[in-house]
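Trainee: Listed here are the chains, written in short residue letters.
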Amino acid sequence: MLILPLSASAGENSKFSDRFEFSGFGRIIAGYLDEDAASYEGYENKLSVSEQSLIAVQTEFAATETLTIAAQLLAHSSEERQSGFEWFYLNYEPTKNWRFKAGKLRTPFFRYSDVIDVGFAYPWISAPQQVYSGYLFSNYEGASATYRFNHAGVNVDVEAYYGVYDETVFYTGQEVDVDVDQIVGYIVQTSFDNFHARASVISSDDFDVDLPEFKQFEQTLRVAGFERNADSLSFDGSAVGYQASLGYDNLQYFTSAEWVRITSDVLIIPDIDSYYVTAGYNFYPFQAHATFSRSDASYDILTNEIPKGVNPQLDALSFGYDSVISNLQLDSLDSFTLGLRWDFRPSMALKTEVTFLKGEDGERAFFEIEDEANFDRDATLYQVAFEWVF
Amino acid sequence: MKQVFNTTLLILTLIISHQIHAQSGEVIVIANVDNEELKMSKREIRNLFMGGVSELNLQPLGLTPENAARLVFNTKIIGLTESRIQSYWAQMRFSGRNKPPKQFESVDEIIEYLLTNKDTIAYVPVNTKIPESLTIVYNAEAAEKASSIN
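Which chain is which? The protein sequence lines are V and P, in order. In this text, residue positions in the first sequence follow the numbering used here: the first is 1, and each later residue adds one. In this text, residue positions in the second sequence follow the numbering used here: the first is 1001, and each later residue adds one.
Treat the hints as calculated values from the structure; they're not laboratory data. Zero decoy hints are in this set.
Listed next, the stretches of chain V that the computed footprint assigns to chain P, with coverage defined by at least 3 CB atoms under 8 Å from CB atoms of chain P:
#1 106-113
#2 279-285
Dumping the calculated DSSO-like pairs for lysine-lysine here, alpha-carbon to alpha-carbon at most 30 Å:
#3 K1129(P) x K1042(P)
#4 K96(V) x K1118(P)
#5 K104(V) x K1099(P)
Note that the structure is predicted; figures quoted are calculated from it, not measured. Every residue, glycine too, gets a C-beta built ideally from N, C-alpha and C.
From just these sequences and the hints, can you work out the full model?
Mentor: Spelled out as structure tokens, the structure:
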């Protein structure tokens, strides 16, 4: 008599566990930069495996046929990346055409932004930095709505999202509070046979970067009557990003290109135009690829209106302003990457890649410069990676 | 000695021709649908198996990568290598957009699932014995012949 209810509850339990799905991904990356005077993406002139290696587990629970709860927990080896929940959201798909998400989501700035940690999903070890480091926040809290349809063989996805971001990020080696409200984004993606295209725009009218020492200086300038120069030191403003990408894949080769433009009136975010063009050849299970990437960065800087030589106080302000402006970092960089990927198992790949970097003279060019006098902005990055999904 | 050589050659020839045969073998696409007249184009099938929205509410089923029929399907219908398809699904899954078709180890298992689940669709080798209740919605060989006649 006791066996019946027990077996019945065991049956329900197995159904309950069927509603859970576990998956994940990992990557181990070793890299070396042939340069003494600077580092790039954390890589120096000694072999390191702790800059980009990571592991993540994704859990999905199907509460009902249309409602899923999903979480992605990520552990990262880099000191400059926080480990924790990258995704944590409710997914509601009332029909095959509509999808709604709410919670903590990855910001889908560019083609691979929301899967930038899933190295298995793209050909490179390091996606072009000129495009993929062009943002300050990797996720947001909010909601998104996607409408999908197929017309005459063309698949179209239209997505709109809205949210906020409030976290501490690492900016040029120091921790900075970034508070971004009113993040609004739109994405249109289309695919037709083996073609793929994507265009998107993301904006925020309320982008606040908290750098206390700069804010104080800005107020001092305001009090002294130099309103326009004070305004130019704004850490509270708007930023807009535009993106467009195209791709074509077939059995023999693949090619893709992506372009982004970011404009902003927040001082530490320069205007940046960047793109990459990539082409590859498949000889399964191998894939060889080449990528050229370029970024052009600039600041719209107001001339220093604070006179020098009038009195010591004004001199201090004026030289102070000059020094703030001269410390602004620009990242204009050309790079050429050659890589090879070997999918030795359906869910595992080994990659190797060499990237020739040529930065603009006098600029930071995505490097962390240790010895300015001896750095010609020329360096080569060598990487090998193991990519895994499960 | 000569006999050994001949035997080896014969075995090698058999292995190679078997592989060639396995790779050049065709697949057919079958479905458990009420409409026995249903025919689908290569593009419709590709779209369905890559997770696209389709007017036909069919659940696509796939074979695991060890199956030769999957290679043929990837090559002739999807037009992408196994590794590109795997990375595509990694991107879809981990960005919460879509999931790959449910996978089966063998043709027998896939047929069994098809038979017991309405509105399902799968590819199988052309020489598979198809139960009567299932509908052939695409036959690559027939489609190729038709296009070569035209």
